[in-house]
Amino acid sequence: MKSRILLVGTAAIALAALQPLTAASTTSSVTMSATVSATAKLSVSAATLTFPNADPDTTPSIAATEGAVTVTAKAKTSTGSTVTLTLLSGADLTSGTDTIAISNMTWTVSGAGFVAGTMNKTTAQTVASWTNSGNRTGTQTFALANSWSYPTGSFSATATYTLTAP
Amino acid sequence: MVAAAPPDAVSYVDSDVKTRHLLFTLVLLAAAAAPAIHAATSGGTVGVTVTIAAIAKLSLSTSTLTFPNADPDTTPLIPAAGGALTVTAKAKTATGATVSLTVIAGGDLMSGTDTIPASSVSWTATGAGFVAGTMSRVTAQSVAAWVGSGSRVGTQSYGLANSWSYPTGVFSATATYTLTAP
Chain A
0 MKSRILLVGT
10 AAIALAALQP
20 LTAASTTSSV
30 TMSATVSATA
40 KLSVSAATLT
50 FPNADPDTTP
60 SIAATEGAVT
70 VTAKAKTSTG
80 STVTLTLLSG
90 ADLTSGTDTI
100 AISNMTWTVS
110 GAGFVAGTMN
120 KTTAQTVASW
130 TNSGNRTGTQ
140 TFALANSWSY
150 PTGSFSATAT
160 YTLTAP
Chain B
0 MVAAAPPDAV
10 SYVDSDVKTR
20 HLLFTLVLLA
30 AAAAPAIHAA
40 TSGGTVGVTV
50 TIAAIAKLSL
60 STSTLTFPNA
70 DPDTTPLIPA
80 AGGALTVTAK
90 AKTATGATVS
100 LTVIAGGDLM
110 SGTDTIPASS
120 VSWTATGAGF
130 VAGTMSRVTA
140 QSVAAWVGSG
150 SRVGTQSYGL
160 ANSWSYPTGV
170 FSATATYTLT
180 AP
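If you're matching them up, the sequences are chains A and B in order. Everything in the first sequence is counted per numbering that gives the first Met the number 0, starting at 0 for the first residue and increasing by one. Everything in the second sequence is counted per numbering that gives the first Met the number 0, starting at 0 for the first residue and increasing by one.
In case anyone wonders, no lab produced these hints; they're calculated from the structure. Some hints could be false.
Unchecked claim - Reference listing, derived: stretches of chain B covered by chain A, where coverage requires no fewer than 3 residues with Cβ under 8 Å from a Cβ of chain A:
no.: 1; segment: 48-55
no.: 2; segment: 58-65
no.: 3; segment: 72-86
no.: 4; segment: 101-113
no.: 5; segment: 143-153
This one's a predicted model, so the numbers in the text were calculated from it and none came from an experiment. Glycine included, each C-beta is placed from N, C-alpha and C at the ideal position.
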C-alpha cells in the first residue's frame, strides 16, 4: 500500500513537470536625442597674397605669386537657410600716404557655389553661397590690375573673409 | 499407633499433571476466546503540481540617450552623454533554448521634418553574450543572446556618427528593446 502511494505521487509530479512552457517576452524603451547647433568653420590656404612688380604693357593683370587660394567652408544650418561667404578689404592698398584702389583687385573662382568678384573696402563682397548644411571647397585666383599710374612703393591691405551659417 | 499413610506419590503426580492440563486448557480457551489481531493500512493519493514558466525581465540603467552638438572634424563620432548604458536581462527558459535581446528604432531621429538616419547610431558592447551593432528602424538588431536560463548583465556604449550635412535642430527617436525567453 505504501509503495502504491509512492508511485502515484511520483507520477503526479512527472505529469506536472511535462506541462508545455509558454514563451515570455518583455520590452523597454530608450529615447535617443541629438542636438545640432549652427556652426561655421572656414579655412583659407594662404594668409598672404603677393603681387610682384610687372610691366603694365606685358602684364596688364598681375597674378598672385601664391597661385589659387583654396577655400574650405563648413557649416551647419537649418534646412533651407543660406550659408554665405564674403570678403571685405579694410582699406585701399596703402604705402605711406600713397594708395592703390582696392577695387583694382579681382578674383576668379572654381567650385560649386563660388562666384567671381571685385574687392571692395566699403561693402562685403560675396565669394560663395550655398543652401543648407555642408562641407564645401573651392578656389579663388586673385589678380591686380596693373597700371603705369601707380606710384612706387610696397602697398598692403588686409581683407577679411566672413562665413555665416544662420 | 497407626502411622499415617505416606502421601500418595501417584496422587501428587496426577494432581500436578492435571493442573498443567487445566492451565494449558485455560490458556487455549483464553486464546480461542480472544479476538484475532492483524496489521492494517490505509492509503490515499496526493497530486503534486510544479509549474516552471518562461519569464523575461529586463532593466536598463537609463531611459534616455543624449548626443550633444560637436564639431565633426574633431568629433566624428559623438558619444552619448552619461557614458555606457547597463543592461540587465533575466530569463527562465527551456534547457537549450536561446534567450534573445533585440533593439529597434521607431523611426529616424527627427526634428520637425528634418531627419538624421537611425543608422547613424551605433554601439559597442561589453559582457558575455552582448554584441556591437548599428541601429535600424526596419529590422530589430541583436543586442545579446544566451542559451538557457540565467541573469546576465552587460553594457552598451552608443555613438552618433557626426556630419557637416546635418541640419540644425533637436532630433529624437525612441528605441525599443525586446527580451524574449522561449
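Hints the structure violates: just list their numbers, smallest first. The structure breaks only hint 5.
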